[in-house]
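Got two chains here, separate frames each, mind docking them using the hints?
From first to last, the protein sequence lines stand for chains R and A. Just so you know, this note's numbering puts 251 at position 251 of the first sequence, and the rest follows in order with no gaps. Just so you know, this note's numbering puts 157 at position 157 of the second sequence, and the rest follows in order with no gaps.
Hints in this document: simulated from the structure, not taken from any laboratory. Here the structure is a predicted model, which means the values were calculated and not measured. Any given hint could turn out to be false.
Stated by the list, open to error - Covered stretches of chain A, as calculated for chain R (at least 3 residues, CB under 8 Å):
1) 22-34
2) 147-154
Claimed, not checked - In silico DSBU-like pairs for lysine-lysine, Cα to Cα no more than 35 Å straight-line:
3) K67/A x K184/R
4) K217/A x K184/R
5) K54/A x K146/R
6) K67/A x K208/R
7) K122/R x K169/A
8) K169/A x K183/R
9) K67/A x K183/R
Where is the CB? At the ideal position from N, CA and C, for every residue including glycine.
The chain contents come next:
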Amino acid sequence: MRNTLLAGLVVAALFVAGEAQAQKKTLTIGMGSADAGKLDPHIASTTPDKGLLQYIFNGLVRVKPGQISPDTIEPDLAESWESNPGGTEWTFHIRHGLQCHWGYGEFTAEDAAYSIKRAANKATSSYSNDFSSVVNAEAVEPYTLKITLKNPVAGFLGYVANINGGNMVCKKAAEEMGDGFSKKPIGTGPFMFAEYQPQQYVRLVANKQYFRGAPMLDEIMYRYIPSDSSRDLAFQSDELDMIYGKQDQSWVDRTKQIPGVKVLAMEPGELSTLFLNITQKPFDDIRVREAIAYGIDRKAIVAFKGAESSREAVSVVPSGYLGTDEHAALFPYDPAKAKALLKEAGYPDGLTIKTIHTTLTGMQTFIEAVQGQLKKIGVNLDIQLVEHATYHAQIRKDLSPVVHYQAARFPVADVYLTQFYDSASIVGTPKGVTNFSHCNVADDEIRAARLETDPVKQKELWKTAQDKIIKAVCGIPVYEQLQLWAWKDNLDLGYDLKGSLNLAPPVTEKTHFTN
Amino acid sequence: MTAFVIRRAFLAVITLFAVLTLVFVIVRVLPGDPAQLILGDQASREAIEALHVKLGLDQPIPVQYGKFLGDALRGDWGVSMVTGQPVLAEVLSVLPWTIDLTLVSLALGVLMGVPLGVWAAVRRNRMVDYLVRVVSLAGLSFPAFVSAIILLFLFAIELRWFPVISARKGSLQAWTQSITLPAISLGLNSAAYITRVTRSAMLEVLSEDYVRTALAKGAPQRIVIWRHALRNALIPIITVTGLYTSTLIGNSVLTEIVFSRPGLGKLIVGALNQRDYTMLEGMMVIYTLAVVVVNVLTDLAYGLVDPRVKLG
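Extracted from the complex, chain A is given alone in its bound form (with noise of 0.2 Å):
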């Protein structure tokens, strides 16, 4: 277990360190200058060239990437070059909005695809099968954003359930408010793709012998399937679940700004516009310790679930 989570630790140092060398490149191979950006179109070339300095940006890129992996290894995030701020101070300060979305909508993704895929599995080629498969075929192919605008319109604007800016914070009430909708418009996506996964992983289980043995020597259908048939199925059910969240923080960009909350999608994607290189790296860095956390504690998750898994 140890010795696991030290060759984890050791490829995720590794895999960062690619990361930022590869986000340091690309962003500085886009075109588009940040100084450019913050002193706006009535700026003059010097003016210009004088922030450069001030960023350090016209020094030579080989001083910049020193300096820069430098910074990043004395834990150094450096300042955001457009708003002045710290950017760990930026980042810190969305992040709560981002995890509260992440868990909640994959919390429901679970708690509506596991059954429903169970459900529809059992009942193979019946009518219940073909609906959980139709609809959740749908729910894939459904933009987030799309859902989103319709779910604010029948909420918000018609029965006024839900406020239209999904920002409140402070009371249980609020929050509750506030994440309702956006956890809902995320979640349908991911509950319809575990679904997916948990149907065909239960079709090929309960087709096993020992399904067929336990049945036979008179165990109710109902611990035969959620006993026995879903623990062995569940391995493949994980590994999408936690590549999903791994995706989910990415990808929750639109529903942030649908739905006007905070998160670490719009903040990447406004660095982006701005080409504010220092954010763009910091944020990299999250993204790829992120995605390194969720892939460790997945493979956690699979020797809790399936004694036979040895993590060592």
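Bound conformation, chain R alone (with noise of 0.2 Å):
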């Protein structure tokens, strides 16, 4: 008896050894919100959603894997390009013998154009704004593609890359699902749509077909857990391999005790700005503006923030973009000239000003901090906290005349400039989208950029811009907050991790795992 059961218990030992050694295949990914939103690429605009599609979907062009940089650009879908002289027309040359996901056939030139298309239409895409110029994109051949523009394009290559609206979908698909297709997106990438559970996981399968090869990974469990705490625990138990951090210095120290464990600090950076409204009282007076710029100290919030995961604001931009002024002239902390502005302003007691604010911690800590700081020139800032939905409505309806913004729009300078500080972007206008602060001072070197064809002459035409912005206070970019994650030390991503356009890291036909 006794011998029966030791003979047992070596088996079982030997049983759980031998499944201990297999080569573990399964990613599993823990991300900082509740469930999946619409998983289509044109729509998806937050960063869970985002992080989950680059898997799934390739862009004509990509960065290359753990970069952000546009000059790191490289063939993805489409192996060569090129582009007449004047930047209106480009050429794509599709590889050969790309395939859909889940038999949706062949990936052509066809499915590229209608990809665009799609993109730019407003009814299907989120992103339409940045195909505006786009006239016509068609197959001219089965592997080429043409696309027309009104007019050159800075950075084009950009909006054709692997993010928003330049992930390429399957037309077959797209229009045989319509609306559905947010339920089963096909793409090309590494990974393959397989599963959604609402409110657990979204579990992705290798594509042994993706035209890099076959993925080292079988499959990737994408789970949806928006506690920060859970997270943490849920990888200390080794329930998950990679997490996204909570958005502060103090997880970074705690998360970096674990052994085992890689913690990034990630680019791109998200700029938190404050941008003032120039048209309402006391904000249309410069001199009140330039004094709440003046009473902004940056290395004090960055100490505040974190040194690892957060840095001060070079400019209106942020800091890496095509066109960012690294040393623009910002206004240095100075609470004693910003006492006298107030003072010149006929504020000499200090006045009271209004910002209505969301309740996400990581935002409300910062604007508390800037509360602190303002009261020391006497301004006392009326800090009026509503959910985040109520937040984003009431901002854009002008009734917070500071608004407290926090974003990244990478990889060129014209995005950021045309959507924060272009007069057409003005909130509450047609093609309004995020102008805060109605500003108007920048709007011909904005638009002259974005059509100037020389590189010199363009990035001269942006610094102008962001001289202008700045000396008119439009906003006050204060610092910049990394991307935090961190993972187990056994998973090599195949590549080098310094920063993902798609704010999650990317996970290639290389990434494995190391026993």
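So, in structure tokens, the structure goes:
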């Protein structure tokens, strides 16, 4: 009896050991949201959705995995491309033999043309503005795509890269499914959509026909875990291999203590800006705006937010973009000057200004720090906290004279400048996006730069635009928040991770576990 | 009995109608635009207006209300504005998780709460009583999400007995592993509640003449307490348990979040954050129905434990 038992135990132990030695082939990622949104790459705008969709889709070109700079743009579905000297006609040569997921057939120039038109259509895309210059996209030959533009577009390749509207969908699948496409997104990427369990996970499986080779992983489990602490605990109990961090320094410090874990503050940074409505009292007086700018101590904010996870703003456009003025003349911290300016503007005893602000923790701690700094120059910042959806609605109705907004619009300065500072984007207007300050001082430069084909002149125009905006104090850029992630060090990503345009680390065909 | 059910059903319809109207108005009065939230912050005003038309939000409010009531009458719950999935399908996909958790934690609450309450009442003002009272008060004041994190830390991280992501299914073992910690976390709270009600109901009954008479004629104490006294104390306990069940269904959202379980609570909070009007409206019908059903069941239970209660 005892012998049988012993033998049983040995067999069981061997079995367990055998299992442990088998190569781990499933990557489980913990994302900080309660559920998936619309899983359509041309609509998805949140970090969790974009992060997932990047595993399913490709662009015509791509930014090298782990990098974010447009200088690293390399072939993706298109193996080569060229444009006419004016930059208004682009020809892309699509690879042969690309396969759409789940048997939706070969991906050809026809699909690429369809995808561009879909991304440019405001009924099917959140990114139609990005393609407003596109006149036509057509398959001139089965593997040759021609895109015609109204005018040259700065950094055009960035718009057909593997992000937002640049993601290439398969025509047959998108047409067949219509609105249902977001329930089963079909692309050409290394992983294919397999299953969605509401509030739990999306499961992706390896695309064995992937053109760069079959992925080394079999599966990605993309889990939705909204609680920061639960994500951390599940990471510690080895139920998750990679997690989206709580976006603050204390999380970095704590997570670094766990053995066998890599923690990274990843590019791109999201720039926190205070937009001042220049059409409303008291900000219609530039002296008041300047006073606020002098009253903000960027260094202290970065010290408060954490040196590893944040950095000082360099300009009204985040650092590292094509066209960012990395040494812009931002206002220095000078509380004495701020007080003097307020006195000159008729506020010797200071004043109270209102801001409607979201209750998102990371953003809220920042505005409270700003409140503390402004108190020193006699400005009482009245923070009216509302939940996030209300905040988004109210700041678009000019109800908040100061708007704190956090955003990344990588990789070209044009997008940031257009959406936040071109007068065509003033909130409430038909083309309105996020120009909360009603800024209109740099329209000429922003628009001219968009059409400029000479890169040197273009950079000049962008620099002038940034100078003007800073001088007019439409917005006060303060700090950049990096994206915090952690993963187990037995996970080899297969590339060097510095950042990700899609805000979550890419998983490529080379990503695998080492034992 | 039949008359009772018909009357209750009629009242339920009126309640539902009132709730639907209220919800319809409230979600539209709330600031926040579903189209903006769906399209994200880079969408232009034009794109948002286009989505308004698609979602029917450009129509005058009375027209929207008329359509909404018409659909509701036909039993058409519509599709979620955010995911495009039918509301009913979304609800049904997570409903089993909520029912599981509610029933198991309620059972835990009753199984722990009733005996503890009886025990404390019988030993009134003795050590046991004080202990039960203090512990149940602590249990009531302790937020479920704090106990949840402590449970996870102890049993999932230190001891590794249970998973952190408590959403496994497929086998009895997986199910048990997933439900134990969440049910304890929620159940402790309801146990505390039920203990206190049981204790005070029992105290009242124990001072009745018939209890003294029963004891005087020599009935064993065990029988007097569990058969004579408890049965008479059951009505308030059932009332409270019924009321608590409705709260459990609604209050489980924090437990769902901490234990990464799907459920109605998360669904409704998500719908609220996204201003998913159709989803919110559908959810409210479900909640109202749940409360109505629980109340009817509670009333029926009265008749079961107390022959004097006539439903009709």
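For each hint, the structure was consulted:
1. 22-34: holds (count 4)
2. 147-154: holds (count 3)
3. K67/A x K184/R: Between K67/A and K184/R the Cα gap is close to 30 Å, so the pair holds against 35 Å.
4. K217/A x K184/R: 74 Å, violated
5. K54/A x K146/R: 32 Å, holds
6. K67/A x K208/R: 48 Å, violated
7. K122/R x K169/A: Measuring from Cα to Cα gives roughly 41 Å; hence the hint is violated.
8. K169/A x K183/R: Cα-Cα ~23 Å, so holds.
9. K67/A x K183/R: It holds: about 27 Å lies between the C-alpha atoms, which stays within 35 Å.
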